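For this one, chain A is given, so just place chains B, C and D on it according to the hints.
Listed below, chain by chain, are the residues.
There are 4 protein chains.
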Amino acid sequence: MVPPILYNWVILICRFCFPELQQRYLLLWLALDYLCDLLYLLDIVVHFHTGFLEEGSLIQDRAQISRRYLCSSSFLWDFLSVLPTDLLYLYVGLDRPAVRANRFLRSPRLFEAFDRIETRTAHPNSFRISKLMLYIFVTIHWNSCVYFALSDFIGFGTDEWVYPNSSLPGFDRLLRQYLYSFYFSTLILTTVGDTPMPQREEEFLFMAIDFLLAVMGFATIMGSMSSVISNMNHADKSFYPNYDLVKDYLHSQQISRQLQHRVVDWQQHLQMNKKMTNELQILQHLPERLRAEVAISVHLPTLRKVQIFQNCEQSLLEELVLKLKPQVYSPGEYVCRKGDIGREMYFIREGQLAVVADDGVTQYAVLGEGLYFGEISIISIKDLIWLTSLYRIYRLVRYMQYNQLQS
Amino acid sequence: MVPPILYNWVILICRFCFPELQQRYLLLWLALDYLCDLLYLLDIVVHFHTGFLEEGSLIQDRAQISRRYLCSSSFLWDFLSVLPTDLLYLYVGLDRPAVRANRFLRSPRLFEAFDRIETRTAHPNSFRISKLMLYIFVTIHWNSCVYFALSDFIGFGTDEWVYPNSSLPGFDRLLRQYLYSFYFSTLILTTVGDTPMPQREEEFLFMAIDFLLAVMGFATIMGSMSSVISNMNHADKSFYPNYDLVKDYLHSQQISRQLQHRVVDWQQHLQMNKKMTNELQILQHLPERLRAEVAISVHLPTLRKVQIFQNCEQSLLEELVLKLKPQVYSPGEYVCRKGDIGREMYFIREGQLAVVADDGVTQYAVLGEGLYFGEISIISIKDLIWLTSLYRIYRLVRYMQYNQLQS
Amino acid sequence: MVPPILYNWVILICRFCFPELQQRYLLLWLALDYLCDLLYLLDIVVHFHTGFLEEGSLIQDRAQISRRYLCSSSFLWDFLSVLPTDLLYLYVGLDRPAVRANRFLRSPRLFEAFDRIETRTAHPNSFRISKLMLYIFVTIHWNSCVYFALSDFIGFGTDEWVYPNSSLPGFDRLLRQYLYSFYFSTLILTTVGDTPMPQREEEFLFMAIDFLLAVMGFATIMGSMSSVISNMNHADKSFYPNYDLVKDYLHSQQISRQLQHRVVDWQQHLQMNKKMTNELQILQHLPERLRAEVAISVHLPTLRKVQIFQNCEQSLLEELVLKLKPQVYSPGEYVCRKGDIGREMYFIREGQLAVVADDGVTQYAVLGEGLYFGEISIISIKDLIWLTSLYRIYRLVRYMQYNQLQS
Amino acid sequence: MVPPILYNWVILICRFCFPELQQRYLLLWLALDYLCDLLYLLDIVVHFHTGFLEEGSLIQDRAQISRRYLCSSSFLWDFLSVLPTDLLYLYVGLDRPAVRANRFLRSPRLFEAFDRIETRTAHPNSFRISKLMLYIFVTIHWNSCVYFALSDFIGFGTDEWVYPNSSLPGFDRLLRQYLYSFYFSTLILTTVGDTPMPQREEEFLFMAIDFLLAVMGFATIMGSMSSVISNMNHADKSFYPNYDLVKDYLHSQQISRQLQHRVVDWQQHLQMNKKMTNELQILQHLPERLRAEVAISVHLPTLRKVQIFQNCEQSLLEELVLKLKPQVYSPGEYVCRKGDIGREMYFIREGQLAVVADDGVTQYAVLGEGLYFGEISIISIKDLIWLTSLYRIYRLVRYMQYNQLQS
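Residue numbers (this note's numbering), protein chains in the order written: chain A, 926 to 1332; chain B, 926 to 1332; chain C, 926 to 1332; chain D, 926 to 1332.
Here chain A stands alone, though its shape is the one from the complex:
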């Protein structure tokens, strides 16, 4: 429904204020007008046939759908906006497109559609900025139409402020009329000024109201833009924690340059490779079932590679996935040490892990993707292995299994 409503908002006022536009392309307008009316009507028909959700069930019964739609407030607007006010053309003639003004009443559907797009789109911030620019354009467009109509009412060229009359060369061209009005309107609404001094009370009022509108509009644009930018920053920070504070702290404590560089490396590694350390937190607002499906979709392929689970049935693995807790290790970090009491089992999702001797150098074994360790904690053997992850290990996701439901 976006195109026909926007068509009416942009074109109708224009045709009303620039009579030449209406007359010159009369057939085109009539065609487009009735195409839009058709779409409006179609939308109503669709609403009469679209089931709705009630108590979780999709109601498909046409009588019920009709009753519900007829009682809703949106039906009133839908209905008013297709009233055939065009019949008034018979009385006032075809050059008065104002009789179709009721088409503007469909605008709630426009905002509804915008909300739906904003929810669905993969780039909500870009969409918000585009919407903002559309609103700015429509405001300036309407304002320029009103300026031209006001000029016409006062009389073209009667003073400096109004649109010049056709005695000036080029000023009787339609494109010039629109561009001049649009430019004039832009000058005012961007608080640039530089317009001729008004001469009459109406003009003073028009200008003063416009400037106030401009200031409020400007403040709204700024506020929305600030909000979009802080939104983007917030998203960045949610994915990758802000290390500015850490760097300030290291600097103030005069930590060695070499250690500072390693911290920056770690941060850059996370950002460049789009690794996340807090995926559980991001998903927390999803209902349990959806969260489970997301976790299954992300982690099941890895779990399938683990040997001991290859004969398990699907439903057990799904339950297992929900108990897993992803964890990111930095290179050189110890996952566990000789002597620790084993209460967890680890599966390696990405990267490599070395089992090293006490000297931290001799490697007994290197575990890769799909391998696991710590299962000994299940069968309660106390002989734990001292592990160290070496420099070559960049990411190890620790899957932690709670083998007791109570904990």
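None of these hints come from the bench; they were simulated from the model. Quick caveat: nothing in here was measured; it's all calculated off a predicted structure. Ideal Cβ positions, reconstructed from N, Cα and C, are used throughout, including at glycine. Warning: the hint list may mix true and false statements.
[What the hints assert, rightly or not] Over 10 Å on every C-beta distance to chain D, these chain A residues come out as not near it, computed from the model:
#1 Arg993
#2 Asn1027
#3 Arg1041
#4 His1048
#5 Ala1220
[Stated by the list, open to error] If you want the footprint, here are the derived chain A segments under chain B, 3+ residues with CB under 8 Å:
#6 1012–1024
#7 1123–1136
#8 1143–1154
[To be verified] From chain C, some residues computed to sit far from chain B (all C-beta separations above 10 Å):
#9 Pro944
#10 Leu1005
#11 Gly1118
#12 Val1188
Positioned in the frame of chain A, the structure of chains B, C and D alone reads:
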């Protein structure tokens, strides 16, 4: 008290700076002035009779009320603002409304009233924007009055900057005088400029101060607007958690499109139907008693429908309501499974719930609004039913009863 | 140190750019200059005598103080800024105040002083706004001085852009010179424009740089202002939780108007009477000792009124105060009920509390300020009283005593 | 890669729009062009030899590196941007630098470099502001080039809006051409206006689009600036908690002035001496291993000074450091009292600590840096000492050792 105070702030300065306005409608002004004075006096009388809260008791004793009011600082302003300075009219003549300047002193009451309205109104953000616009209007209005008075002082038409003298056609009309001054003032305070070059020291000063005022004012408007917009966004996010991050995560993990669509559907379902998942968190700042009453008011009708509670007395139900924890399930989510240990009891507030066989398809029973299950956990039978909520179930509020006070 | 540094920043550049100003008040300037130099020197002397904190001890030994100060970087600036560059007057003559330019180097002390004031002042936000306005003023002031000097360099009146030469009436007056330059500078730095078209390369450059500066400056002002406003809103919300969400929730759940009004009443009651419900949270960043002193200072007078504590020694009471937890009740809320297990003791700080019968109306007793109950829980009697606070009770602070250290 | 890409972005458009610039310094341009091309090529060569991280291992094998780079999308841009389009010079002549337009395609590498610098720099906020200013400059620069080219297309001097033709003195100089265009462009993009009225449709369009661009750009600048400022405030607050609320609370509770001053002193002491009370919180986002290294680097020197640890081996001390919890005490605060059950051991990192008698004045001993107490709690002697830290003690870091792993 808003109308009389605003009347004085808007009209008095205007009458002082535009002598013609004062003279032409003299009787109207006198009538309105004394009506306002009457309201001012009435307000004082009301304050002498309004009880106040002290240590939780409403004090109604007139002597105590009077003593408290007379000692408060607001009495001083109230009193000063009704001093009959009009008597000076006898000396200076009726065209000097400046003698009533003390009426401005009542403004603290205006801010008090605004604060009260902001707390009470159902649309605090709209009210904040309106207040902002009122402040902008009053500032421009005062500035235009000062400009006209300054022009008068320098002499109309002595240079280009001041208001033109009456030799120019139309410039001796009162409406033109005000509109021109207002327009001039708008030009400056919206940093548009385009005003004639000042010629005298006073004019330079007036312009420079005004421009600085404009910049600070502009910054304040922007800041307030940003704050209102971020306020609205915050409210949105408090009701419906922000799914932008979730979508980014799903996208970065290359989850299947079909699952991504289901997440978006869930989000849209919540927003369209104004379902909330975090009502407990929103109410947390209310004192316990009020929170209880809100919970009772929301949930008691549902509880009344539950068969086993139909003979319970009111007070028991009220206590029960406070123990209930609303929960929203998505369609297809399992509420509990065969083999789970039952520690909760569920009441269905909205939607439908199916008891299904192990295959997840065969339905043994469908429970609707007002029904309950899980009461078996009270009578300690271990034979739990495996439940699944099917696609038709959109919302199920789980009422959790803690049957032990300790937990 | 604020006045002399500001004096140098504001006046010195002015005297350098407006030679007439320097010549006309020469003696005044010399007097003020040397007064400032004296203050600069005094400041150095003071620094040589001010002890400093090292490892918690205040070092008063002059040798140590001197050594530390001489080695600090601030000494370098302090020293450079009092170098007697005035001696160059002997070569270049008294109308070249530029020789004193090294006085600007003292500015780090200015920012230090501003930081100290911002920490100390009771109105940090007002101070931040004033500081912002001072920065704006100094920037415009310097810019206007530069404009005048540039005009002088190009030659007054050689084109329209520069300052007009003295052949125009009034333009040779000093005040006019300054005001014109200041106004001109304001026009540019507030992005108003309306200045004559530049004619030379230097003028184009000056204007372009100024406009860019204006945009960045404007953005900084807006950002700072937004930050101040959001700061104030944050403070408000920290003291009094935001009830906008609660009202939206009540509205969306179609709660009865009467209950909605009671919620608003509660909010208004808190705000009007400056009651806080979260004082513990506000004080959390203070070190333990200071927090204790604040708590003692607020609550000890109440505790002193309690009969059973009247013979206790000071130190016991102080320890007791730290265990107390203030709590606010709304009128009609139950503090505890018949049958509850008593684990707390309550002291009434403000308001009244009624012990009522099962019917909720008959009052057995009314407890007022300084009274207490719940002490039975200490001596382990199980016979608890059913209490209700009636409408007349507006504030009851519950002092909770943990009688076991473990909990 | 920043210089060559910026060179192309800034210079190429300029040479295209100002033909005189291209012709006059032709040899210089050719030299710089091919130097940049060389750098572009070198960058590609480097990319063919730079190993990358895969599964934590640095892949150095050239065949693998080449395959990966050739398949990446960035290779496409890199390759397109070094296509020898200069060969077209042979057909169109050397004054058409437009043939090198494909050099702009390297810009993704520019943003990549900016991201890398922003992560690495010690002053991220300054860098963000510089980046913002660079973007503003490049936008105005391009706009001025487009204005000059459009003027050329319409014909210099054909109307007032375009660049004047060479008959006006000075307007045929290259510097004047650029400065005039840049100034003109600045006027529009800072919404100053004051430009001559457009006369042709193209000019109206150019101006209207520019003004809209200006408004959106302005909003973006403001938003980014607000974000930078709120970022800095946030950093400040993370290091030093905001005491505004505390001061408001003390004020509203009418606490004695003397206590209020002590709170302010404490705050100022923290800020002036850059003491932090929340270092653990700042480091929380680092992986465990890095956090440990930072802690070791900060605290090991202190621990080394403690007598009982002087013979311990390095690895034991490192583990010990991780268990330590830094704590800041204010002067006069009690660390522990006679009768407390000792479960912690304290090491003094900074400041002094006095063991005092019951009267709080007599000092039994003063402990300084590197000393410790509380070890008696390890050997379980119940005879604890009542300690008080006097005014001279400004900072004591309490190292708390949990002597049981379970807690």
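Here is how each hint holds up against the structure:
no.: 1; hint: Arg993; verdict: holds, 42 Å
no.: 2; hint: Asn1027; verdict: holds, 31 Å
no.: 3; hint: Arg1041; verdict: holds, 25 Å
no.: 4; hint: His1048; verdict: holds, 17 Å
no.: 5; hint: Ala1220; verdict: holds, 22 Å
no.: 6; hint: 1012–1024; verdict: violated (count 0)
no.: 7; hint: 1123–1136; verdict: holds (count 7)
no.: 8; hint: 1143–1154; verdict: holds (count 8)
no.: 9; hint: Pro944; verdict: holds, 20 Å
no.: 10; hint: Leu1005; verdict: holds, 34 Å
no.: 11; hint: Gly1118; verdict: violated, 6 Å
no.: 12; hint: Val1188; verdict: violated, 6 Å
Hint compliance for this structure: hints 6, 11 and 12 are not met, and every other hint is.
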